[in-house]
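Undergrad: Residue numbers (the numbering used here), protein chains in the order written: chain A, 1 to 112; chain B, 113 to 226.
Think of the hints as simulated: they come from the structure by calculation, not from any bench. For clarity, every value in this text was computed on a predicted model and none was experimentally measured. Ideal Cβ positions, reconstructed from N, Cα and C, are used throughout, including at glycine. Among the hints, erroneous ones may be present.
What the hints assert, rightly or not - Cross-link-like lysine-lysine pairs, in silico, DSS-like; alpha carbons within 25 Å at most: (1) B:Lys179 <-> A:Lys9; (2) B:Lys179 <-> A:Lys40; (3) A:Lys44 <-> B:Lys179; (4) A:Lys71 <-> A:Lys41; (5) A:Lys19 <-> B:Lys179; (6) B:Lys154 <-> A:Lys44; (7) A:Lys40 <-> A:Lys52; (8) A:Lys41 <-> B:Lys154; (9) A:Lys22 <-> B:Lys154; (10) A:Lys36 <-> B:Lys179.
As the list claims (entries may be wrong) - Pulled from the structure, derived: some chain A residues nowhere near chain B, Cβ distances all over 12 Å: (11) Val4; (12) Asn26; (13) Lys41; (14) Phe64; (15) Glu82; (16) Glu100; (17) Pro105; (18) Arg108.
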Amino acid sequence: DTAVSQTPKYLVTQMGNDKSIKCEQNLGHDTMYWYKQDSKKFLKIMFSYNNKELIINETVPNRFSPKSPDKAHLNLHINSLELGDSAVYFCASSPDRETEQYFGPGTRLTVT
Amino acid sequence: QKEVEQNSGPLSVPEGAIASLNCTYSDRGSQSFFWYRQYSGKSPELIMSIYSNGDKEDGRFTAQLNKASQYVSLLIRDSQPSDSATYLCAVFALSNFGNEKLTFGTGTRLTIIP
């Protein structure tokens with residue numbers, strides 16, 4: 001199936017740990033994104049890469065580090081996890097920078 | 113002022129009626145507008161995009177855009193229980209990197225009553 005996929009789907013971890021979330025798209029899109037959806041369901045962009053180049057970096061703690069090894073993959077590494085990092089993290093992709101975006105299934109991160 | 117504003121609802125509509133969802137945005141330069149549907153526990157799903165003033169129809173869905181009033185709406189005709197979801201309005205606005213970012217409203221929760 002052509003899609004945006006993320007792993008893992010669920011991630012439960014303790015405060016202070018470091019974790020990574022992986023995203024892959026096989027839609028042939030040039031642009032990929034990370035979004036955070038908090039407990040109030042507000043969806044906010046964190047980062048965007050276009051052809052492996054960082055083009056959007058919103059006000060996000062530098063404990064969060066994205067990495068795009070190629071234009072089909074975008075990973076998110078989080079250091080020193082805090083309780084407030086608990087949320088659903090969505091990866092998305094789009095054909096180009098200002099076009100419609102397609103979302104992955106999400107990773108529900110719970111920090112205890 | 114929030115960049116994209118929606119009535120959070122919940123909005124309850126009888127089955128078979130028209131559901132009307134509204135959204136206003138603050139960036140007068142915005143050119144691209146989207147409606148996403150999100151079922152509980154699922155990811156946002158694109159249902160409509162609109163770029164020009166006026167109406168755009170796709171099946172039971174009609175998006176309406178009025179750039180002068182900075183207003184975009186979504187009409188769902190012949191509402192079905194399967195339409196019960198949260199509807200997110202999304203607009204491109206300038207990011208702090210100087211690029212456009214997709215900015216979402218807080219969503220309107222729609223419930224279709226059988």
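Undergrad: Could you run down the list of hints and mark each one as holding or not?
TA: Evaluated hints:
1. B:Lys179 <-> A:Lys9: Judged against 25 Å, a Cα distance of about 39 Å means the pair is violated.
2. B:Lys179 <-> A:Lys40: Not OK: Lys179 (chain B) and Lys40 (chain A) at ~29 Å, beyond 25 Å, violated.
3. A:Lys44 <-> B:Lys179: Within the cut-off at roughly 23 Å; holds.
4. A:Lys71 <-> A:Lys41: The given pair, whose Cα atoms are some 28 Å apart, is violated under the 25 Å limit.
5. A:Lys19 <-> B:Lys179: 43 Å, violated
6. B:Lys154 <-> A:Lys44: 16 Å, holds
7. A:Lys40 <-> A:Lys52: 31 Å, violated
8. A:Lys41 <-> B:Lys154: 11 Å, holds
9. A:Lys22 <-> B:Lys154: 18 Å, holds
10. A:Lys36 <-> B:Lys179: Violated, because 28 Å separates the two Cα atoms, which is more than 25 Å.
11. Val4: The claim breaks: Val4 (chain A) does not keep its Cβ more than 12 Å from every Cβ of chain B (closest is about 9 Å).
12. Asn26: 16 Å, holds
13. Lys41: Check fails; 6 Å does not lie beyond 12 Å.
14. Phe64: With a cut-off of 12 Å, Phe64 (chain A) remains clear of chain B, as the shortest Cβ separation is near 15 Å.
15. Glu82: 23 Å, holds
16. Glu100: 5 Å, violated
17. Pro105: 5 Å, violated
18. Arg108: At about 9 Å from chain B, Arg108 (chain A) fails to clear the 12 Å cut-off, so the statement is violated.
Checked against the numbered hints given earlier, this structure breaks hints 1, 2, 4, 5, 7, 10, 11, 13, 16, 17 and 18; the rest are met.
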